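Read off the chains here:
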Amino acid sequence: MENILEVSNLNVYYANQGSLLKNFGRRTDQSVQHVLKDVSFVMKRGEVLGLVGESGCGKTTLAKAILGMQKQYDGKIQLDCPNPQMVFQDPYSSLNPSKKIGWILEEPLRMKKGGERLTKEDRVRCVDKMLERVGLDTRLREHYPSELSGGQRQRVAIATALLCGTTFLIADEPVSALDVTVQAQIIRLLLKLHKEMDISILFISHDLRVVYQMCDRVMIMKNGVILEQGQVDDIYRNPATDYTRLLLDAANL
Amino acid sequence: MLLEVNNLNIEFYDHDLPERVVNDLNMKLDEGEILGIVGESGSGKSMTAMAIAGLLKRHDMKTEGEILFEGEELLHAKRDTLRQYQGNEISIVFQEPMTSLNPVKRIGWQVEESLRIHRPDLDSSERYRRAIEALRDVELDQPELIYKKYPHELSGGMRQRVMIASAMICEPKLLIADEPTTALDVTIQLQIVKLLQRLNREKHTTILFISHDLSLVRRLCSRIIVMQNGIVVETGTTEDIFHNPVQEYTRMLINAIPKLEKPVI
Ligand SMILES: Nc1ncnc2c1ncn2[C@@H]1O[C@H](COP(=O)(O)OP(=O)(O)O)[C@@H](O)[C@H]1O
Ligand SMILES: Nc1ncnc2c1ncn2[C@@H]1O[C@H](COP(=O)(O)OP(=O)(O)O)[C@@H](O)[C@H]1O
Ligand SMILES: [Mg+2]
Ligand SMILES: [Mg+2]
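Protein chains in written order, with my numbering: chain P, 1 to 253; chain S, 254 to 518.
Bound-form chain P, shown alone:
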């Protein structure tokens, strides 16, 4: 299949617990929040696709639905990748604080499906190779997450995702919590890995500048609706909606 991902007419609802109580457990229209509204798009294999919108518009909900973490939905999601991976915004809560970096990175290699299990030496070799690939010193294997900076942790999170041998990565605001200098480094890293390993990336952000650097195509989302999608250059040059213009202005373009 040429497309790695096809989403058609996706609708996601959350039960709004506050009003469920008020309505004595009866589901009324008000007790359900319609979060994603008729979302449709395709993603080509090897593409970096951007998803832009303000907090609360439904970006993470879409990411979870694609990864099968959102059981309740209408519509169709076809993902042609057996082990999709995700990197989250907050590098401080996404790594197990009680394990050393080496242990965290070896974890996906311990559960190798099919084929034979890797020996400890093989695992360490793979981990070291990946650490170098994401620009980290192999000595970090012996450190705990709390001893790492935000940027280093985000590199570890990316390395963990890639050690699973995936071809599809969702990066959910991976740089929003980082210093701008560190943001630039992580963007470069993701682009380099994309090039070297040919992974498809769904890149989520609220900053159109960062999306321009990363992505081939972009989707603009507001209140769960995709307002427009297309080539980054086209959309930045000729935004079709006032909302896109507002986002462009905020990004100082």
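Worth flagging that the hints you see were computed from the coordinates, not collected in a lab. Note that the structure is predicted; figures quoted are calculated from it, not measured. Don't take every hint at face value.
[What the hints assert, rightly or not] Think about it this way: if two alpha-carbon atoms lie no more than 30 Å apart in a straight line, the pair counts; the simulated BS3-like pairs of lysine-lysine are:
(1) P:Lys222 with S:Lys447
(2) P:Lys44 with S:Lys512
(3) P:Lys192 with S:Lys402
(4) P:Lys222 with S:Lys402
(5) S:Lys401 with S:Lys310
(6) P:Lys195 with S:Lys512
(7) P:Lys99 with P:Lys222
(8) S:Lys426 with P:Lys44
(9) S:Lys315 with P:Lys192
(10) P:Lys120 with P:Lys192
(11) P:Lys64 with S:Lys515
(12) S:Lys515 with P:Lys129
Got chain P sorted already, so can you dock chain S with the ligands onto it with the hints?
Just chain S with the ligands now, kept in the frame of chain P:
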């Protein structure tokens, strides 16, 4: 001259080795000015801000130098003296509004806090009137409704506006904004920057704006101090810093501003 910091040193003693986190820092702030401090995480921006706001803890650390606010030394002043300034003449707004707001108190109560301390003569109806005015001033719609809400019922951007309202309620001369927009959407960041600009223009509040993002600092500040590892490495007008950066570090911060071009890999 509103504020003058001379030879400020801050050293921590809570580890085996003493750690100097601010090293011989000097700065001046004129009345009505908006000054920016930029630098990467850990460069000592927050420690400088805390020292000026009189919020550094007194154990496990050593401070040297002087902080003169309208000529009055504050760095080694008595707690009682400091308290007269905090929230009254000098206010500070932090990065994460959720942790600086009290989760079990209504917004109105928190906005009025400095009034209860510094304006004990005001009765509750006057406090209410001023709180509503402060909430309206930070462009929150329906301030009467917001007044009755709890922090978790507001978005991140609204909470940051509430923090600014609380900081502004006694009309301080100096507002310190320590990465006030870092956790927020770019659209909201822009709104907060415009709000600070307006407060500076209309109320003549002097602002010390701290950020790791030079693009925001450029929008807001007339002068910039660049910090690296606790040291001021460069200072100048915004124009100068952007057109003739002297230090390699400053150039790196400028280059880190995301641009509309694909990085070469
Ligand atoms: N588990 C959940 N239960 C109920 N509502 C949720 C849940 N997760 C998210 N929401 C709501 O769905 C909307 C979209 O959230 P989200 O997908 O996290 O947005 P974004 O990632 O764009 O900031 C928000 O209004 C949010 O409050
Ligand atoms: N309690 C502490 N003990 C020792 N060092 C500390 C302590 N708190 C902060 N620091 C150090 O002080 C330096 C400056 O921190 P900070 O002023 O918060 O930087 P910034 O605000 O520029 O990110 C950092 O290197 C940090 O690790
Ligand atoms: Mg999200
Ligand atoms: Mg800080």
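The hints, checked one at a time:
Only pairs whose Cα atoms come within 30 Å are accepted, and P:Lys222 paired with S:Lys447 is accepted, the gap being roughly 23 Å. Between P:Lys44 and S:Lys512 the alpha-carbon distance is near 26 Å, which keeps this suggested pair within the 30 Å criterion. As the CA atoms of P:Lys192 and S:Lys402 are separated by approximately 47 Å, the hinted pair breaks the 30 Å bound. About 26 Å separates the Cα atoms of P:Lys222 and S:Lys402, which keeps this hinted pair within 30 Å; it holds.
In summary, the hint linking S:Lys401 to S:Lys310 is not supported, as the alpha carbons are separated by about 33 Å, beyond the 30 Å threshold. Note on P:Lys195 and S:Lys512: the hinted pairing holds, with a Cα-Cα distance of about 21 Å set against a maximum of 30 Å. A hinted pair counts as satisfied when its Cα atoms are at most 30 Å apart, and P:Lys99 with P:Lys222 does not qualify at roughly 39 Å. About 56 Å separates the Cα atoms of S:Lys426 and P:Lys44, which puts this hinted pair outside 30 Å; it is violated.
Simply put, S:Lys315 and P:Lys192 have alpha-carbon atoms about 45 Å apart, too far for the 30 Å limit, and the pair is violated. Between P:Lys120 and P:Lys192 the alpha-carbon distance is near 28 Å, which keeps this suggested pair within the 30 Å criterion. As the CA atoms of P:Lys64 and S:Lys515 are separated by approximately 28 Å, the hinted pair is consistent with the 30 Å bound. For the hint linking S:Lys515 to P:Lys129, the alpha-carbon distance of about 27 Å falls within 30 Å, and the restraint holds.
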